[in-house]
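Engineer: Numbering-wise (this note's numbering), the sequence shown opens with residue 0 and increments by one.
One or more of the hints may lead you astray.
[What the hints assert, rightly or not] Result set (DSS-like, lysine-lysine): computed pairs, CA atoms no more than 30 Å apart in a straight line:
id : residue 1 : residue 2
1  : K232      : K44
2  : K232      : K184
3  : K144      : K256
4  : K202      : K186
5  : K221      : K186
6  : K202      : K232
7  : K115      : K67
8  : K158      : K196
9  : K15       : K243
10 : K186      : K115
11 : K248      : K184
12 : K184      : K174
13 : K95       : K158
14 : K15       : K131
15 : K15       : K256
16 : K196      : K248
17 : K131      : K85
18 : K221      : K70
19 : K131      : K186
20 : K145      : K184
21 : K67       : K15
22 : K184      : K221
23 : K36       : K184
24 : K202      : K174
25 : K186      : K85
26 : K145      : K196
27 : K144      : K115
If you're looking for bench data, these hints aren't it; they were derived computationally from the structure. Small disclaimer: the values here were computed from a predicted structure and weren't measured.
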Amino acid sequence: MMAEITASMVKTLREKTDAPMMECKKALSEAGGDISKAEEILRVKLGSKAGKTSSRITAEGIVSVNVKDGKAAMVEINCETDFVAKNDEFISFSKKINEIILDNESDSIDQMMESKIDGSSVESYRKALIGKIGENISIRRAIFKKSNGSFYSYSHGNKIGVLVDISIPNETLGKDIAMHIAAMKPKAITSSDVDPKLIEVEKRVASEKALEAGKTPEIMKKMVDGAVSKFLKEVSLYGQVFVKSDDNKTTIEQLLKNNQASINSFTVFTVGEGLEKKSENFAEEVAATTAAAKVH
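Take these sequences, add in the hints, and give me the full structure.
Structural biologist: Structure follows, in structure tokens:
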């Protein structure tokens, strides 16, 4: 039985790939409704453009980072609108949660909820804030770490948070690399650390492209190897070209060697990553706003 291809599925695939709507529908049909497989099919047909996920933030909120005495905490707290994400009380709540993570030396959300803010449990405080602000608020994810070297962090408009542990204390280097990670969002420190599942996807896409182009097995192997090598450079931190490089050639690996340093670990949080933002009908939104204005 053929899977039903809904408008919602087509919309999701279109947002992930930027591919034309009809191409998305055809790919979904061919993939039996599997969005990940349909994305691979589009990448084969349309090239790398179809492999880029949407850069739009899909849910609102804030990422808060805190580094203190060789310890670090980072937390993502979500809300419904960007207006609330800029609310002073909401921002203050995120900072208090960060302090709790550091004090507990734990990123367990269950343990966090039982901790206290101004005499109330975090859960009670959260519910009271929801009642006051009028929007749902959730603590989505958090991390706690102790450094093996020196921690450096970077926050981009409270929407992207980066925490990086570098082998030596170097303020300029640490801040530069944290900013680079925010911009380039590597998936691993080195190419050998990249998830094998991601590599397999690249191999399949390159193989399908070579087959469609009618290449010989020898040429196909070279194309696949080349595609994987390019992919690993693009997604591994050490393989990426430093965003502030003057010659547009210096990689992060070379930058670290120049400073006799290495990366122990890094973490990057992007607000709403992997979440789907509620879609509003513009005409309905205008009508609702007008009606609300009449009431008041």
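Engineer: Holds or violated: are the alpha carbons of K184 and K221 at most 30 Å from each other?
Structural biologist: Holds - the C-alpha atoms of K221 and K184 are around 27 Å apart, at most 30 Å.
Engineer: So if I understand the rule, the pair passes when the alpha-carbon distance is 30 Å or less; does K221 with K70 pass?
Structural biologist: Answer violated: K221 to K70 is near 46 Å, above 30 Å.
Engineer: Holds or violated: are the alpha carbons of K232 and K44 at most 30 Å from each other?
Structural biologist: holds (23 Å)
Engineer: Sort out whether K115 lies within 30 Å of K186, counting only the CA atoms.
Structural biologist: This hinted pair is violated, its Cα atoms lying about 35 Å apart.
Engineer: Given the proposed pairing of K36 with K184, does the C-alpha separation stay at or below 30 Å?
Structural biologist: Holds, because 23 Å separates the two Cα atoms, which is no more than 30 Å.
Engineer: K95 and K158 were given as a pair; does the straight-line alpha-carbon distance stay at or below 30 Å?
Structural biologist: holds (18 Å)
Engineer: Taking only the CA atoms, is the gap from K15 to K131 under or equal to 30 Å?
Structural biologist: This hinted pair is violated, its Cα atoms lying about 35 Å apart.
Engineer: Holds or violated: are the alpha carbons of K131 and K85 at most 30 Å from each other?
Structural biologist: holds (15 Å)
Engineer: Would you mind confirming whether the straight-line C-alpha gap from K15 to K243 stays at or under 30 Å?
Structural biologist: Roughly 28 Å between the alpha carbons, so the hint for K15 and K243 holds.
Engineer: Taking 30 Å as the top limit, are the C-alpha atoms of K131 and K186 close enough?
Structural biologist: With a Cα-Cα distance of about 38 Å, the restraint between K131 and K186 is violated, given a limit of 30 Å.
Engineer: Does the alpha-carbon distance linking K145 and K196 stay inside the 30 Å limit?
Structural biologist: holds (29 Å)
Engineer: Sort out whether K184 lies within 30 Å of K248, counting only the CA atoms.
Structural biologist: holds (18 Å)
Comparing the model with each earlier hint shows violations of hints 10, 14, 15, 18, 19, 21 and 24; every other hint is respected.
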